[in-house]
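S.K.: Sequence:
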Amino acid sequence: MKNILLLTLVVISTTVYAQKEVLFDGTNLDSWHSWKSDRVNGWTIEDGALTTSGKTGDLVTNDVFGDFQLTFQFKVAPKGNSGVIYKIIEKMDDTYFNTYASGSEYQIIDDVNYPAPIKNVQKTGANYDVNPPSDLTIVKPAGNWNTGKIKVKKNKVEHWLNGKLVVSYTYGDDEWKSNIAKSKFAKWPLATPHHEGKISLQGHGDQVWFKNILIKRL
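Residue numbers (the working numbering): 1 to 218.
No lab work stands behind these hints, which were simulated from the structure alone.
Hints may contain errors.
[To be verified] Keeping only pairs whose Cα atoms sit at most 25 Å apart, straight-line, the calculated DSS-like set for lysine-lysine is:
| id | residue 1 | residue 2 |
| --- | --- | --- |
| 1 | K119 | K154 |
| 2 | K154 | K20 |
| 3 | K164 | K216 |
| 4 | K211 | K177 |
| 5 | K154 | K79 |
| 6 | K153 | K20 |
| 7 | K151 | K177 |
| 8 | K211 | K140 |
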């Protein structure tokens with residue numbers, strides 16, 4: 001009986017673990033390429049973290065994802081700016097001129113010391129320029145590790161920051177369309193809802209670090 005119970009627990013544990021895919025474990029960049037490239041440019045591994053500085057361009061997953069839960073840790077240098085962009089359509093034509101032309105962005109930024117004024121819809125955890133985070137107090141200062149989570153399930157989207165839900169919206173509904181129309185994305189391909197896409201780490205020109213990037217298909 002003990003052996004059967006132990007075997008059952010092992011099978012359950014293995015099944016749960018198998019649902020999670022490692023996108024970055026601190027050792028290689030096999031799951032990634034630079035935007036519209038067949039290689040990785042300007043991103044390196046430093047003490048087990050994925051990092052970039054300068055205008056090196058965005059890093060993009062090789063795979064496409066529909067419904068998913070993505071977890072990751074991040075920190076940004078003082079005055080820095082970055083993000084995690086999802087639902088990206090990567091095509092070679094000029095319509096998709098950047099990752100954020102078709103994808104929504106989990107914003108990452110130095111909320112306090114960024115050198116230009118920023119609105120709440122541009123602060124850490126926001127759906128950039130569309131939905132502000134509900135709590136502006138839980139982000140840890142620049143130079144410290146934060147934990148982010150993005151969940152997409154049947155167009156219900158959630159942004160989590162350090163264990164707290166800070167953004168929730170329905171991708172493609174009337175409220176989303178209204179918010180998009182008031183944002184910088186109004187005339188971009190993002191304004192046309194699509195179910196699946198790639199995921200990107202933004203190389204915005206500032207130092208940023210990522211580690212422990214895991215995804216579970218839902």
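S.K.: Hint by hint, note whether the structure agrees.
M.R.: Hints versus structure:
no. : hint        : result
1   : K119 - K154 : 29 Å, violated
2   : K154 - K20  : 19 Å, holds
3   : K164 - K216 : 19 Å, holds
4   : K211 - K177 : 33 Å, violated
5   : K154 - K79  : 35 Å, violated
6   : K153 - K20  : 16 Å, holds
7   : K151 - K177 : 20 Å, holds
8   : K211 - K140 : 16 Å, holds
Of the numbered hints stated above, those contradicted by the structure are hints 1, 4 and 5, listed in ascending order.
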